[in-house]
Each structure stands twice: as structure tokens, then as C-alpha cells.
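*Asks:* From first to last, the protein sequence lines are chains G and C.
Here this note's numbering is used: position 79 in the first sequence is 79, and no number is missing along the way.
Here this note's numbering is used: position 315 in the second sequence is 1315, and no number is missing along the way.
Check each hint, because a few of them may be wrong.
[Said to hold, decoys possible] Listed next, the in silico DSS-like pairs over lysine-lysine satisfying Cα-Cα at most 27 Å (straight line):
1) G:LYS179 to G:LYS193
2) G:LYS39 to G:LYS224
3) G:LYS47 to C:LYS1226
4) C:LYS1226 to C:LYS1278
5) G:LYS157 to C:LYS1168
6) G:LYS193 to G:LYS157
[Stated by the list, open to error] Among the chain C residues that face chain G by a calculated CB cut under 7 Å, a handful are:
7) GLU1134
8) PRO1152
9) PRO1158
10) PRO1238
These are computed hints drawn from the structure, not numbers from a lab.
We put the beta carbon where it would ideally sit given N, CA and C, even for glycine.
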Amino acid sequence: MGEITYLEAIREALFEEMERDRDVFCIGEDIGAYGGAFKVTEGLLAKYGEQRVIDSPISEIAIVGAAAGAAHMGMRPVVEMQFIDFLANAYDMLTNYVATARYRAFLPCPMVVRGPSGGYVRGGPFHSQNPEAGFVHTPGLKVVYPATAEDAKGLMKAAIRDDDCVLFFEHKYLYRRIKAEMPSGDHVVPIGKARVAREGRDVSVITYAATVWKALEAAEQVEKEDGLSVEVIDLRSLAPLDDEAIQRTVRKTSRVLIVHEDTRTGGLAGEITARINESSFAWLDAPVLRVTAHDVPLPYAPALEDFVLPQVADIVRAVRALAAY
Amino acid sequence: MKKGSRIEGLGSGRKPGIGSGSSAAGSRPQTLDPRPSSSLSRAQLLDLYYWMRLTRTLEERLVALYRQTKVVGGLFRSLGQEADAVGSAFALERRDILSPLIRNLGAMLVKGATPVEILRQYMAKGDSPTRGRELNIHFGDTDRGFIGQISPLGDMVPVMAGVTLSFKMRGEDRVGLVYVGDGATSTGAFHEGFNFAAVQCCPLVVIVENNGYAYSTPIAKQTAAKQFVDKAIGYGVPGVQADGNDVLAVYDATKPAVDRARAGGGVTLIELMTYRRKGHAEHDNQSYVPPGEIERWERENDPLTRYVARLTGELGFGESDIAGVDQRVRAEVDAATETAEASPTPAALDALIGIYADPPAEQPLWFREGVRSAVDTHERAQGWGTFDTKPASGGD
């Protein structure tokens, strides 16, 4: 088996799960005949037919709500948001209905809502967002955001098999830029477990999704130029957060940088900082720092987008500041 | 109280009397009443009254409990709307699923919800159907065939589209019914869900209860459409309007729509004309209602009064049949009240259970565990500063 892309890994997971379980079906806008805006679902219609690969009207409320209704009855829907930005259109259905269903009504909602997320692609304000924080904040939802092709496949399979609603963020910058050989067999990555993307001693960078790769690049650079040993933690799962992995790296290096592509205020970095403060304050040798997007809607022009989003040089600067503290 | 025994009338398998004109060639024109309700048995006709009376008596009991401050939250009445809830739910089979709205207590009762469950819900008891997590009639049971609503209006239309989509995908012979009020028709969820169900030809009946008001907003401020049933045209589905205060007319409007959905014909919109005689909830003084309007509906168009007249008139029931039902309902509500009042309040820690299937529960936060402060129990590093040895696990 050769290497496949992040996007192909997601597609492979969808094929395998639809093959394994007849209750799994896909629903979304332009996912059937067209194969989806990014072709993630290409080939599914030909193999599984219109009953299980449903081209929906442009109705995010309806497809998320209908997925919930079908999930109550034992189906396992996989909903595509054409762009994850459109989760906002289904915000009420996800937060008020889906997230509360098990708690208030003992109704299971085993469903996945997936879609292309993130910037660095000149997508402008409505095709570049990272709206994960609002959903991480909502009890009852699970949120994953893989950075590697292996995790994209393994987490998708875990998400489909999970008995609750999982929001599956796919980074569109990574879709065709990274490749990996898939582990053999039934490759499932458990939700809620972070991954050490790079071992290090001096500074920890806690991050997820596309900025994992930026952090790795920065780590290489400061190792060469400064002799610093940087550990990179890829969270993979944002809800639930892997507190153990966070504590382990904090207590190992005592200097922590949190990096995310989402905007700063109310972003995940604030929550992680608070948890570190509560659990591991005495281990810290420096204040926890954040490298995030600026608090602005994401602009289109390369000069603007590149300025707003976190870059390798920003991470390098922050790591050096922590090491020197 | 025996669950289920009182809903035997549901789905007795009687074929509705279809009109003569469409019968096979050569058959004689018949004089059969074409209305489905003409095929209801006498027991079923009396059942309809039972469910309406139970709805009203139960709500009257809730008012008494509300005034005694035993109802924890608000109280929502369906006074004057009992016929539309009962008559429509009565057209479903046991295996079918409905999603009620706040004024469809009667539909839930027909589907097997019990008075004691309703009372426990309102009184926030630990053994209520939602164990104290949700209010009033916001609860469901897919086995008995009803799914609880949530407060954002219109949301149950997409959800029921999905429920019925699953029936279609699995080839199940089941139908869904979802209630919305006149106000919910203005929501995006209503539109998206309705359109989706229509496009997918889901076996779904959508009932718009036009009771005149959404909270304080009259229908003239809700829509420029002359009538809600007109909206069916835009979705490409049949629309039917019926007198929501005539329980048999409601049944007669709903039954063909249910049959049609079951036969693969897709969605039907039914507008039931009724009137909300109480406020949005018990606290609402209805100052926005023109003088005399409520009284006129009470006097001239009460669904129970009308049905009793029908039963004791053309349908040939005796006063004693009616009195028998009334007595049975009173006894049942009395017994349910006694049981519900004796129910325990929920254990506080139950609040942390079952947000997810996995993990099964959240942990109480430190300040609820009798600890003076987070710092008191805070794990300390053995020495201030960097060290490479693995610390003991735990913390928080």
C-alpha cells in the first residue's frame, strides 16, 4: 500500500465504515454526483447509491436536524458542511438540540458533522474559519481536528463509531499537501488522546491541526539555530482535551507555548492556559504564552491573511522568548 | 395505572370508508359516509372524549398545583385546543412517532404518556421522565412513539424529517407527525425541515396549529399569507385546512394524510384552526387580546362542549357514558397527583451524569468537594523550577 493524502485518508475511512455498517450514511450539499466541493466523498454515490449518499438542499439546519432524527432511530449519519464556516447556520440545532439530546431526553445522537476548515488558502472570511471554540464550549459535543493523514482516517472511524455527536474538523490546507502510509488493519484512533508529534526538553508547544506543521518547522529551526529542544504536542481531540498529556509536557519542560490558528479571545489557548494554571502552576518556569490569529475576520489578500494568521517565525520568536525567560 | 390499556383504540385496523366515486367499475354508488371518522367504533368515539377530558382535567389539576407553588417552572395550557391534539394523534398507529409542541399534551397522552409522568415533570421530581432535567411536557419515549420538543421553535421539523427519513431508508411501515404553532412557521428551521422532508418524500405529516397567537403576537404580524395552508403550495405538497375544535374533523383531516404518507405519498401540511384561550403560559395576563374574544370562543366553540353535544346527540351516547368518563378521569388524576406528590426530588449529583455515552459522568468541581481552595490541594513541584523526572500523576 502506497501513501495517500489526508483527504484520501478521510475518504478511505468513509468507504470502510459504510462497508462495515449499513446504518452509516452520508448527507450534504453536492456530495453525491459531484463528490463534494473538495471531492472528499467522490465515488461514494456510485458504490452506495442515493439512499445512502444524499444530496441535500442548501439547508444546514435541516441536514443537521435530520441527521439527529435519524441518529435517534439508530442510524449513523455523516453530515458534510460544504465549508465548516457554515456550522454557524446550524449552531442552534447543534448546541440546543443535538448537544442536549442525551442529557435531557436520553436520546442518542451518534452522528458526525465534518467539513473543510481553516485558512492559509486565500479563502477569505467565509471559507477559512476555525469555529471550534464555540463547540468545545458546549457540553454534549465532541470535537476532533486531525493534523496527519493517519489521524484523519483513524479519528474519522472513531467518530463514526462514537455514540455521541462528533464535530470533525478537516484542515483544507492539509487536504492534498500531506501524505502518509496508512497503518494496516482496522485503524481507529481513540478520541480524547493527544499525540507527541516531537519529543523535546526545553519548551513545549501545544497545538493542533495545520499549526502542528508550523510548530514542527519552528522546532527544527530553533534546534539548528539555538540548540533548543522543543516538544510539540498535537492535541488531535479538542473535546475532550487530553489533560494528562498536557500536564505531562508542562511538567517536563516547564515552559509552554500554545499555538492555534483560531482567533485569540475565547480561543482554546485561554482554556488550556487556565487548566495549566490550576494543575501545574508550581512546575512553570515562565508564563504560558499564546501564538494565535489576530482578533479579526480572516481577510482574503495574501499579505493580509499571512499577517493575521500565525506563522513559523511567530512560533520561533515565542519559543526563544520562553527559553530566555 | 396500566400503560397501553387505554390506547387500544389506536390503530384498530379499520379501513376508513372511502367515498363511492373511486370504487371499482360496475359497483353501485354507495351511501357510505366518506369521512374516516365514520368508521370509528363506539369505544373509539368515547376514547376521543376520554383523552380530551383527561387533558383538560389534568391541566386544571396542574393549575391548582401551580397556585400551591408545587409546579417549579411555568405552566402551559392547551385549554380550548384539546381536540386538535387528540384527534390528530388518534389517526396514528402505535408504531408511528409524533413530536408534540407545548399545547399537545393531549397528543402525548394518546401516545401513552401518563398523568403521573406529566405531574412529576412539572414538579421537577427525580423520577420524572427526564429526572428533573427538563421542564413541563418536554419529554419523549421513542418506544411509545413520541419525541420531546425543545424550546427553539421549528427545530422539531428537521428532526422529524430525519426520523421519517430513517423509516424510508429502512423500509419501515411507519409515519411521523410533527406539530408546530403559527409562530414556528416563521422560523428557518421550519422552512428548511419542511422543504427537506418534501424533497426527500419523507412519510411526515406537518400540523400547523393556528391558535391565533404566538406568545402575544397575532398571526397578522406573523405572516402576510392569507392562511398557513397556502404555504403547502410553495413546498409542492398537499395542504388541508380543518376545524381544529371539532375532534372528528381533525381526525378526518389527519387520517388521509397519515395514510398517504404511509403509502409513500410524502408530506402533507394540515392547518388546524383553533384558539388559545389561556396566555402563552400561566403568568401571561393576555392584555393584548381584544375584549370579549376569549369569552366568545369559550361560549361558542369549546371543543369538549361541542363533542359532548355530538356524542349525546347524533352519535347516541347517554349522559351516563359521559359522566362515566368524567368520573374515571377524576379518579385517575387524583391517584396520579398523590403518587407524583410523593415522588422524591432528584439527587444533586445526578446533574453530572450522562452528558455523553463515554465518559459516563462529569466530576464535581473542587469547590463542591469540601476543599477550602484549589491551592490547598494543589500539587507542588518538589523543587521550584525545571526538573526532568516524571512527577506523580494526578493533580487538578
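*Asks:* Each hint: holds or not?
*Replies:* Here is what the structure says about each hint:
1. Of the supplied pair hints, the one linking LYS179 (chain G) and LYS193 (chain G) holds, its CA atoms being roughly 22 Å apart against a limit of 27 Å.
2. Of the supplied pair hints, the one linking LYS39 (chain G) and LYS224 (chain G) is violated, its CA atoms being roughly 39 Å apart against a limit of 27 Å.
3. Taken as a hint, the LYS47 (chain G) and LYS1226 (chain C) pair is broken in the structure, with Cα atoms around 47 Å apart against an allowance of 27 Å.
4. Taking the CA atoms of LYS1226 (chain C) and LYS1278 (chain C), the gap is about 24 Å. The hint holds against a cut of 27 Å.
5. Restraint check: the Cα-Cα separation between LYS157 (chain G) and LYS1168 (chain C) comes to about 26 Å, which is no more than 27 Å; the hinted pair holds.
6. About 15 Å separates the Cα atoms of LYS193 (chain G) and LYS157 (chain G), which keeps this hinted pair within 27 Å; it holds.
7. Among the interface hints, the one on GLU1134 (chain C) holds; its C-beta lies about 5 Å from the nearest C-beta in chain G, closer than the 7 Å criterion.
8. Interface restraint check: PRO1152 (chain C) against chain G, minimum CB-CB distance 5 Å, threshold 7 Å, status holds.
9. At a threshold of 7 Å, the smallest CB-CB gap from PRO1158 (chain C) to chain G is about 3 Å, leaving the interface hint in force.
10. Using the Cβ-Cβ criterion of 7 Å, the hint placing PRO1238 (chain C) at the interface with chain G is not satisfied: the shortest such distance is roughly 20 Å.
Of the numbered hints given earlier, the model fails hints 2, 3 and 10; all others are met.
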